[in-house]
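Please construct the entire structure, taking both the sequences and the accompanying hints into account.
Listed below are the residues making up each chain.
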Amino acid sequence: MIQQVREKKPLIHCITNYVVANFQANGLLSLGASPVMGDEIEEVKELAAVADALSLNIGTLNQRSVESMIAAGQSANEKGVPVVLDPVGAGATAYRLSVIDKILKEVNVTALRCNAGELAAMMRKGWSAKGVDAGEGDADLTALAVDAARKYGFIVAVTGETDIVTDGDIIHQIHAGHPVMASVTGMGCLLSSVTGAFLSVEKSADAVAEAVQFYGEAGERAAAISEKPGSFQIAFINAISTINESKYQIGGRA
Amino acid sequence: MIQQVREKKPLIHCITNYVVANFQANGLLSLGASPVMGDEIEEVKELAAVADALSLNIGTLNQRSVESMIAAGQSANEKGVPVVLDPVGAGATAYRLSVIDKILKEVNVTALRCNAGELAAMMRKGWSAKGVDAGEGDADLTALAVDAARKYGFIVAVTGETDIVTDGDIIHQIHAGHPVMASVTGMGCLLSSVTGAFLSVEKSADAVAEAVQFYGEAGERAAAISEKPGSFQIAFINAISTINESKYQIGGRA
Amino acid sequence: MIQQVREKKPLIHCITNYVVANFQANGLLSLGASPVMGDEIEEVKELAAVADALSLNIGTLNQRSVESMIAAGQSANEKGVPVVLDPVGAGATAYRLSVIDKILKEVNVTALRCNAGELAAMMRKGWSAKGVDAGEGDADLTALAVDAARKYGFIVAVTGETDIVTDGDIIHQIHAGHPVMASVTGMGCLLSSVTGAFLSVEKSADAVAEAVQFYGEAGERAAAISEKPGSFQIAFINAISTINESKYQIGGRA
Numbered sequence: 145m146i147q148q149v150r151e152k153k154p155l156i157h158c159i160t161n162y163v164v165a166n167f168q169a170n171g172l173l174s175l176g177a178s179p180v181m182g183d184e185i186e187e188v189k190e191l192a193a194v195a196d197a198l199s200l201n202i203g204t205l206n207q208r209s210v211e212s213m214i215a216a217g218q219s220a221n222e223k224g225v226p227v228v229l230d231p232v233g234a235g236a237t238a239y240r241l242s243v244i245d246k247i248l249k250e251v252n253v254t255a256l257r258c259n260a261g262e263l264a265a266m267m268r269k270g271w272s273a274k275g276v277d278a279g280e281g282d283a284d285l286t287a288l289a290v291d292a293a294r295k296y297g298f299i300v301a302v303t304g305e306t307d308i309v310t311d312g313d314i315i316h317q318i319h320a321g322h323p324v325m326a327s328v329t330g331m332g333c334l335l336s337s338v339t340g341a342f343l344s345v346e347k348s349a350d351a352v353a354e355a356v357q358f359y360g361e362a363g364e365r366a367a368a369i370s371e372k373p374g375s376f377q378i379a380f381i382n383a384i385s386t387i388n389e390s391k392y393q394i395g396g397r398a
Numbered sequence: 145m146i147q148q149v150r151e152k153k154p155l156i157h158c159i160t161n162y163v164v165a166n167f168q169a170n171g172l173l174s175l176g177a178s179p180v181m182g183d184e185i186e187e188v189k190e191l192a193a194v195a196d197a198l199s200l201n202i203g204t205l206n207q208r209s210v211e212s213m214i215a216a217g218q219s220a221n222e223k224g225v226p227v228v229l230d231p232v233g234a235g236a237t238a239y240r241l242s243v244i245d246k247i248l249k250e251v252n253v254t255a256l257r258c259n260a261g262e263l264a265a266m267m268r269k270g271w272s273a274k275g276v277d278a279g280e281g282d283a284d285l286t287a288l289a290v291d292a293a294r295k296y297g298f299i300v301a302v303t304g305e306t307d308i309v310t311d312g313d314i315i316h317q318i319h320a321g322h323p324v325m326a327s328v329t330g331m332g333c334l335l336s337s338v339t340g341a342f343l344s345v346e347k348s349a350d351a352v353a354e355a356v357q358f359y360g361e362a363g364e365r366a367a368a369i370s371e372k373p374g375s376f377q378i379a380f381i382n383a384i385s386t387i388n389e390s391k392y393q394i395g396g397r398a
Numbered sequence: 145m146i147q148q149v150r151e152k153k154p155l156i157h158c159i160t161n162y163v164v165a166n167f168q169a170n171g172l173l174s175l176g177a178s179p180v181m182g183d184e185i186e187e188v189k190e191l192a193a194v195a196d197a198l199s200l201n202i203g204t205l206n207q208r209s210v211e212s213m214i215a216a217g218q219s220a221n222e223k224g225v226p227v228v229l230d231p232v233g234a235g236a237t238a239y240r241l242s243v244i245d246k247i248l249k250e251v252n253v254t255a256l257r258c259n260a261g262e263l264a265a266m267m268r269k270g271w272s273a274k275g276v277d278a279g280e281g282d283a284d285l286t287a288l289a290v291d292a293a294r295k296y297g298f299i300v301a302v303t304g305e306t307d308i309v310t311d312g313d314i315i316h317q318i319h320a321g322h323p324v325m326a327s328v329t330g331m332g333c334l335l336s337s338v339t340g341a342f343l344s345v346e347k348s349a350d351a352v353a354e355a356v357q358f359y360g361e362a363g364e365r366a367a368a369i370s371e372k373p374g375s376f377q378i379a380f381i382n383a384i385s386t387i388n389e390s391k392y393q394i395g396g397r398a
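Protein chains in written order, with my numbering: chain A, 145 to 398; chain B, 145 to 398; chain C, 145 to 398.
It is possible that some hints are incorrect.
Any copy will do: because identical chains look the same in the list, a pair fits if it lies in one copy or spans two.
Okay, derived cross-link-like pairs now, DSS-like style, lysine-lysine, Cα gap no bigger than 25 Å in a straight line [said to hold, decoys possible]: (1) 246 to 223; (2) 189 to 153; (3) 246 to 189; (4) 152 to 347; (5) 189 to 274.
Simulated from the structure, these hints should not be mistaken for lab results. Predicted model, so just to flag it, every value in this text is computed and none were measured.
Below, the structure is given as structure tokens:
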């Protein structure tokens, strides 16, 4: 599917946080996608309507950007543009949870891309998250992901040591990636918008699983060059631009 | 002229977008310039008044920052500080076009640095741009750049495969650069503020052409080290810091 | 102390500028800390209350973020969470000085991390700063740092060719670092939040001096790999993740 993504050159409208915006834009360009990042209420409906996917990220949310996310999401919904939500730091504050609830109420989200701590927080399960990092807990993540997918009617991609992708019916477990990915900010955020690019080719759990698989393999390839976070970050952008096929079948190693 | 820029160490006030701000600041530091990036209305007049150039960029514009851009621009005008406008994604939304019109009405812009799609949008010519990327079209860019320069009384630098710099009278065509530059976000944005640094030495189309030429050569040198977008980005910042003279004459290869 | 920082994995709440946010987050992750970067008034009290340190940075301040900084600072004070203030570009505008005064009036700041020009501006001494860069002047920095520490009751870390750390009583002079550090944006900003991480282990001038010493050594190690600003930046993030002990005693070379 990566070939189809590169041929389509999808336009990805990102309303994202200012910590990762540069990395996210460069990752999308390396993928062959075109990022556009406006978050002003006066223009987001127009941007989302012509995009091939909309990527919403609450990492440095504020009242102004939340309003823009909802307007952009509704515009994307009207045009059938897939919407990916990244609920960064969901459990960190009550405000984040209330914003996520509001977005989910007003926008039809196609896919949720998050870490375990964020999923647990959204589903009100006990979890010891650390700010925006995943943290630790005992929840059965696969069951939780299936529950979330059924409750909200979207595809869920929870990434971590094992990645889980489900639409509530199909379940993919993906074993790709490398631990150093947790030492670079925005790795999850970029994956969320890469997921949008794959969804622009096909709106399915399989497409999301392919995005996650592709991304993990890019991480493995970059980690083979360097496991130090600075060098890894650069090698990872390079890897996204050069990997043209998956070594593995969807759902696990071949 | 690069030697004069490095000796002057110009202070460049940038009101820019949060996607490229880091890259833009690092590029200016590598050039030997000092970036300062405040966008709060309470302080932008003061910053612009003491700067050696003002660089305005609408990549992630919002109502607050547009107000600041105009205030800063007027302050720069009062002090004779050159102003460079980068109309990022001009054709992407009606809002962007209206903001550009407003800025051009209220501020005397010294130079416009843009891509072909943005110039075509500003001049209301047909062009198929892709978000903030250049896109494709049939307009005669040189004629369009000359028209724009005469209409608005500023220097125009349109960058792409061939770069065109004109003040409506002198026309420079520059053949420098490398295709990988289109795969790194903020390459155009940084050039706009580098253009400001050159304009702080001399307010002329020749100075803008030298900036564009210098920048393209830095791109060539970096691409000789790596054509992968992650590594290129780092090699490019290195190249800006080390190139001390142009291999070519202004206006074409020697 | 670096070992203790890595074991603690402190959560650092940063309200920072969008120019350096990515670099700051990656630097903190490399250190083994967890950055969280919300700046919305609705959530900053909650974030600061659970953090191990709060890092305030006025690089791209605006009226909204200043309000959030004060709310976060007061929340940190209530919980005994150390607060580091980075008065970026203090002397650049009257607005910045007024904001710094306001923050210092309403928040108990544990440590101030700044350059010479910023300290001089805060203490209303003559100094020729350049935007947000240090600039040049004749003030006796050690005396000025001691004065500031006594006046405001915080630890002062002024970094430059020689770094000075003082609580108004103990004085550390640190000779670490490399000139290329001045060519990368956010080097000071990241140090400020690294200082927060060290303060989360021990609230003392010694802890701040260890942070500054560690940071300078990381700079030396990275500069030994490359003195070009692009490559240095990556080598520096790598160095932060790998240095596990100081070669030197606090207060000077052994």
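Against the structure, the hints come out as follows:
Taking the shortest Cα distances, residue 246 and residue 223 sit within 25 Å of each other inside one copy (21 Å), while across copies they are farther apart (30 Å). Proximity of residue 189 and residue 153 under a CA criterion of 25 Å is satisfied intra-copy only: 21 Å inside one chain copy versus 41 Å between copies. Proximity of residue 246 and residue 189 under a CA criterion of 25 Å is satisfied in both settings, with 18 Å inside one chain copy and 21 Å between copies. Proximity of residue 152 and residue 347 under a CA criterion of 25 Å is satisfied intra-copy only: 14 Å inside one chain copy versus 42 Å between copies.
For the identical chains of this complex, residue 189 and residue 274 are inter-copy neighbours only, at 16 Å across copies versus 34 Å inside a copy, given an alpha-carbon limit of 25 Å.
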